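The primary structure of each chain is shown beneath.
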Amino acid sequence: MSTVAPVEESPRTDPARRGWRRLPVVHQLRQSVGLQRGMLVTGLVLTGLFLLTALVAPLLAPYEYNQLRDADGPFGAQQAPSAEHWLGTTVGGYDVLSRVIYGSRTAVMVIVVAIVLSLFAGVLIGLLSGYFGGWLDRVLVVVCDAVYAFPALLLAIVMAIVISGGQSSLFGGILAAAISITVVFIPQYFRVVRAETVRIKGEAFVESARVVGAGHWRIMTRHVLRNATRTLPLILTLNASEAILTLAGLGFLGFGIEPTAAAEWGYDLNKSLSDVTSGIWWTAIFPGAAIVLVVLGLTLVGESLNDLADPRLRSRRAAESGETAETSVVPGGSLGAGPAGLDGIEGRPR
Amino acid sequence: MTTTRAGEVVGIENLSVSFATDAGTITAVQDVSLSVAAGEVLAVVGESGSGKTVTARSILGLLPETAATRGAVVLRSKDGSAQHDVVALSAKQLGELRGRDAAMVFQEPSTALNPVYPVGWQIAEGLRAHGKYNRAQARAEAIEVLRRVGIPDPEERIDHYPHQFSGGQKQRIVIAQALVLDPGVIIADEPTTALDVTVQAEILDLLRRCRDEFGAAIVLITHNMGVVADLADRVAVMYSGRIVEQADVRTLFSAPQEPYTRQLLASVPRLGEGRARAEERAAARAPGWADAAPAVAARDLRIVYPGRFRRPDFVAVDGVSFAIRPGEVLGLVGESGSGKTTIGRAIAGLTRVTDGSLSVLGTEMRGVREKAFRPVRKRIGFVFQDPASSFNPLLTIAEAVAEPLVVNGRAEDPRAARSRVDELLEAVQLPRSFGDRFPHELSGGQRQRASLARSLALDPELLIADEPTSALDVSVQARVLELFAELQRELGFACLFISHDLAVVDLLADRIAVLYRGRLVEEGTGAEVLGAPQHPYTQRLLASLPVPDPDVQAARRAAWQQLA
Numbered sequence: 001m002s003t004v005a006p007v008e009e010s011p012r013t014d015p016a017r018r019g020w021r022r023l024p025v026v027h028q029l030r031q032s033v034g035l036q037r038g039m040l041v042t043g044l045v046l047t048g049l050f051l052l053t054a055l056v057a058p059l060l061a062p063y064e065y066n067q068l069r070d071a072d073g074p075f076g077a078q079q080a081p082s083a084e085h086w087l088g089t090t091v092g093g094y095d096v097l098s099r100v101i102y103g104s105r106t107a108v109m110v111i112v113v114a115i116v117l118s119l120f121a122g123v124l125i126g127l128l129s130g131y132f133g134g135w136l137d138r139v140l141v142v143v144c145d146a147v148y149a150f151p152a153l154l155l156a157i158v159m160a161i162v163i164s165g166g167q168s169s170l171f172g173g174i175l176a177a178a179i180s181i182t183v184v185f186i187p188q189y190f191r192v193v194r195a196e197t198v199r200i201k202g203e204a205f206v207e208s209a210r211v212v213g214a215g216h217w218r219i220m221t222r223h224v225l226r227n228a229t230r231t232l233p234l235i236l237t238l239n240a241s242e243a244i245l246t247l248a249g250l251g252f253l254g255f256g257i258e259p260t261a262a263a264e265w266g267y268d269l270n271k272s273l274s275d276v277t278s279g280i281w282w283t284a285i286f287p288g289a290a291i292v293l294v295v296l297g298l299t300l301v302g303e304s305l306n307d308l309a310d311p312r313l314r315s316r317r318a319a320e321s322g323e324t325a326e327t328s329v330v331p332g333g334s335l336g337a338g339p340a341g342l343d344g345i346e347g348r349p350r
Numbered sequence: 001m002t003t004t005r006a007g008e009v010v011g012i013e014n015l016s017v018s019f020a021t022d023a024g025t026i027t028a029v030q031d032v033s034l035s036v037a038a039g040e041v042l043a044v045v046g047e048s049g050s051g052k053t054v055t056a057r058s059i060l061g062l063l064p065e066t067a068a069t070r071g072a073v074v075l076r077s078k079d080g081s082a083q084h085d086v087v088a089l090s091a092k093q094l095g096e097l098r099g100r101d102a103a104m105v106f107q108e109p110s111t112a113l114n115p116v117y118p119v120g121w122q123i124a125e126g127l128r129a130h131g132k133y134n135r136a137q138a139r140a141e142a143i144e145v146l147r148r149v150g151i152p153d154p155e156e157r158i159d160h161y162p163h164q165f166s167g168g169q170k171q172r173i174v175i176a177q178a179l180v181l182d183p184g185v186i187i188a189d190e191p192t193t194a195l196d197v198t199v200q201a202e203i204l205d206l207l208r209r210c211r212d213e214f215g216a217a218i219v220l221i222t223h224n225m226g227v228v229a230d231l232a233d234r235v236a237v238m239y240s241g242r243i244v245e246q247a248d249v250r251t252l253f254s255a256p257q258e259p260y261t262r263q264l265l266a267s268v269p270r271l272g273e274g275r276a277r278a279e280e281r282a283a284a285r286a287p288g289w290a291d292a293a294p295a296v297a298a299r300d301l302r303i304v305y306p307g308r309f310r311r312p313d314f315v316a317v318d319g320v321s322f323a324i325r326p327g328e329v330l331g332l333v334g335e336s337g338s339g340k341t342t343i344g345r346a347i348a349g350l351t352r353v354t355d356g357s358l359s360v361l362g363t364e365m366r367g368v369r370e371k372a373f374r375p376v377r378k379r380i381g382f383v384f385q386d387p388a389s390s391f392n393p394l395l396t397i398a399e400a401v402a403e404p405l406v407v408n409g410r411a412e413d414p415r416a417a418r419s420r421v422d423e424l425l426e427a428v429q430l431p432r433s434f435g436d437r438f439p440h441e442l443s444g445g446q447r448q449r450a451s452l453a454r455s456l457a458l459d460p461e462l463l464i465a466d467e468p469t470s471a472l473d474v475s476v477q478a479r480v481l482e483l484f485a486e487l488q489r490e491l492g493f494a495c496l497f498i499s500h501d502l503a504v505v506d507l508l509a510d511r512i513a514v515l516y517r518g519r520l521v522e523e524g525t526g527a528e529v530l531g532a533p534q535h536p537y538t539q540r541l542l543a544s545l546p547v548p549d550p551d552v553q554a555a556r557r558a559a560w561q562q563l564a
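Protein chains in written order, with the UniProt record's numbering: chain A, 1 to 350; chain B, 1 to 564.
Since the hints were derived computationally from the structure, they do not count as laboratory data.
The structure displayed is predicted, hence computed values, not measured ones.
The beta-carbon is built from N, C-alpha and C at its ideal position, and this holds for glycine as well.
Please note that a few of the clues may not be correct.
Claimed, not checked - Pairwise CB distance ranges (calculated):
id, chain 1, residue 1, chain 2, residue 2, range
1, A, R199, B, E96, 17 to 25 angstroms
2, A, A80, B, A23, 57 to 65 angstroms
3, B, P115, A, G34, 55 to 63 angstroms
4, A, L52, B, A88, 25 to 33 angstroms
5, B, A372, A, H27, 46 to 54 angstroms
6, A, H216, B, P115, 35 to 43 angstroms
7, A, G215, B, G362, 44 to 52 angstroms
8, B, G24, A, L154, 45 to 53 angstroms
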């Protein structure tokens, strides 16, 4: 041992070179192995397909979503799949394929509007409530608990009726669906951000900001908020899939969007109810499959990100023994867990 | 299979352990060979990350599943009838081995015990796992072992839950848990780090009895050289995964061979080292200094935390009076719960004063409004205990150090403050380029120096340092303390230095104040308080402090036993 001075240097890679690898999803993808990677990749592929379809829907779809006839005359209702209509036509005489493809657009719009609205509202009140505490906090927590206690779909129906009277145009419909989903989601963001804020408020760096004389607003925005949003991307992906289910549920129960205003999977499913018993399978299977695949894709992404974010749930490649740097040290971590804790403490290297 | 020599309970040969982490494979332990004789105390010392805990845990096969182990760890049962290579055993065989041949004592007694079961049940758990006892026998055994580790009224206490015991008693129970199956070797991983000095002395005494009365060998993992001197027979010094030196305890302390060992021993603070410096400073004071208006003056200071749900209020600080004059360092010593941190926080305006008077730089803190206190804040610096959490993880070091400047309007934004930040980083001996790093890219010592830079950004007249070195390794601690003393000399700020370590306080402070259960029991210069302590608590505190010299420590131990 020739070096006398204790090692105080920490390794550091060039920020420019590692740049793209640190991007949210790319980073997690590189980190994952085995089954977790398979789940993440499947989810990403499904989600990617969904977004791509929504983006280029007019190019993919053979007809408009509200088209009933072409140059050769009306399509006809409940036509079986054929060369003209690959997936057949609905009871209303629309082309199923076109409606399934255009349906992804409606879904994306509702998800984006719902998540943006609930994110801003939820994060803001969560931050204020957690930071200041007191009676404001108590009231907000009770309100959010009350919202939690309602079945989400019931609440969404009430909101849909309040906002649009049940039926409406494209934007009215999307907004109604989005806002009703927002109301259901705000408590989730509120709770997460509030809990994180309460935790971070007690951290030494927040006290240190108070000691140098920083004001409340500065502490909240610069020190608390950015540290409190760590888990939001996970809830976001999980909520996106839940938003689709809620939208489909609303449509299925008849609170959706008119077929002339937009294509909506839930609405189509509702209309195909009677078809199923008479052996007309194509009107129900395809919108249903679209819902299942999109929800599956988003959930897989959300769940895998969730697992990867937690070092205890993340699986790693087995250690190769030998060839490592001279001065490598254990960065605490797994050994810090309590005696009774630490999953897999019984596991032995083979 | 490798065989152990006679009288040896543990034989480790060429052990290498590597971990799979996100940053690739990391080798924690490399080619370590050790042996522990029956009834021997082997201390494994080293800094955090040196691999001492991994080495010791491998004896029990207690490594996470991401670990890959090579080499042999041979464990022999106490009567010498059987021996196993732990590395090659299955999980089931390991389970049989643990507790019977080797047991473990953990660092934090409050997390090592399950809060929802009575302690007796938890002790009997080990007996049940090895399946030789019925209920009544197990209970009798548990009572017996509790009695032997010094828990009073074991018949009654056995049905109590962990929260009904004090920290020191909990550690006794953890030790009882390890002893109940009469193992040949006990692995004690920093068994006293979480405890106060006075309690530490008692636990060390108990561990010594484990060896003498139970005949168990002990593998003691620690970073505290005083504990080593007190308890160990033989010492292995580890550095970055390897053993750099192995020797008899007397040889190691009197004639260390390796430069690293020498450096490690030199960085341990010893009592009395700072006395000369303090006298020097006192002599250099201008006449009339003692009459100057104090930076902080407390009179009958009382701080109460209100109790909740009909619990009585908790009095953290009770009738404390002291003064810190400009340019003076007051060391505040006490065990956990003595109220020392509360006093520091009250001076910084983080905790409300309940009663009495506390004047900080001319502002009365009792009933002060945040608005009135804000102008005073920029004249106060604060260094927090844990360097890991005192930096916002999303800001670079330069941004964090610039924060006080920006908040108080000395600079527009962090970039404009950069030249001042660079000066500050240089003052605390950090390279300028570190300003662009994030907190997690710095080591603990570097972070604590950056924290010092931040607290000095506004040229404060008063600095409050709340246990600034207790989270650091001893060699790093020595450098931070040296830097601290140097900066204090140059900048001449008044300082409240809070610590639980008498030796550290002695190194820096002009005067020392000893707190005990919220009351100030003794105050005076280092020579007065440490040389001739008046209050029995100070005497006990001083006697409990293990010194890094085996022979001196043996004499002190005798004195401590008389005091107790």
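The hints, checked one at a time:
Taking the beta carbon of each, A/R199 and B/E96 are about 42 angstroms apart, not inside 17 to 25 angstroms as hinted. Between A/A80 and B/A23 the C-beta distance comes to about 58 angstroms, which sits within the given range of 57 to 65 angstroms. Separated by about 36 angstroms at the C-beta atoms, B/P115 and A/G34 break the suggested range of 55 to 63 angstroms. Checked against the hint of 25 to 33 angstroms, the C-beta distance between A/L52 and B/A88 comes to roughly 53 angstroms, which is inconsistent with it.
Between B/A372 and A/H27 the beta carbons are some 47 angstroms apart, a value that agrees with the proposed interval 46 to 54 angstroms. For the hinted restraint 35 to 43 angstroms between A/H216 and B/P115, the CB-CB distance of approximately 36 angstroms keeps it satisfied. Between A/G215 and B/G362 the CB atoms are about 23 angstroms apart, so this pair departs from the stated range of 44 to 52 angstroms. A beta carbon spacing of about 51 angstroms between B/G24 and A/L154 agrees with the range 45 to 53 angstroms that was offered as a hint.
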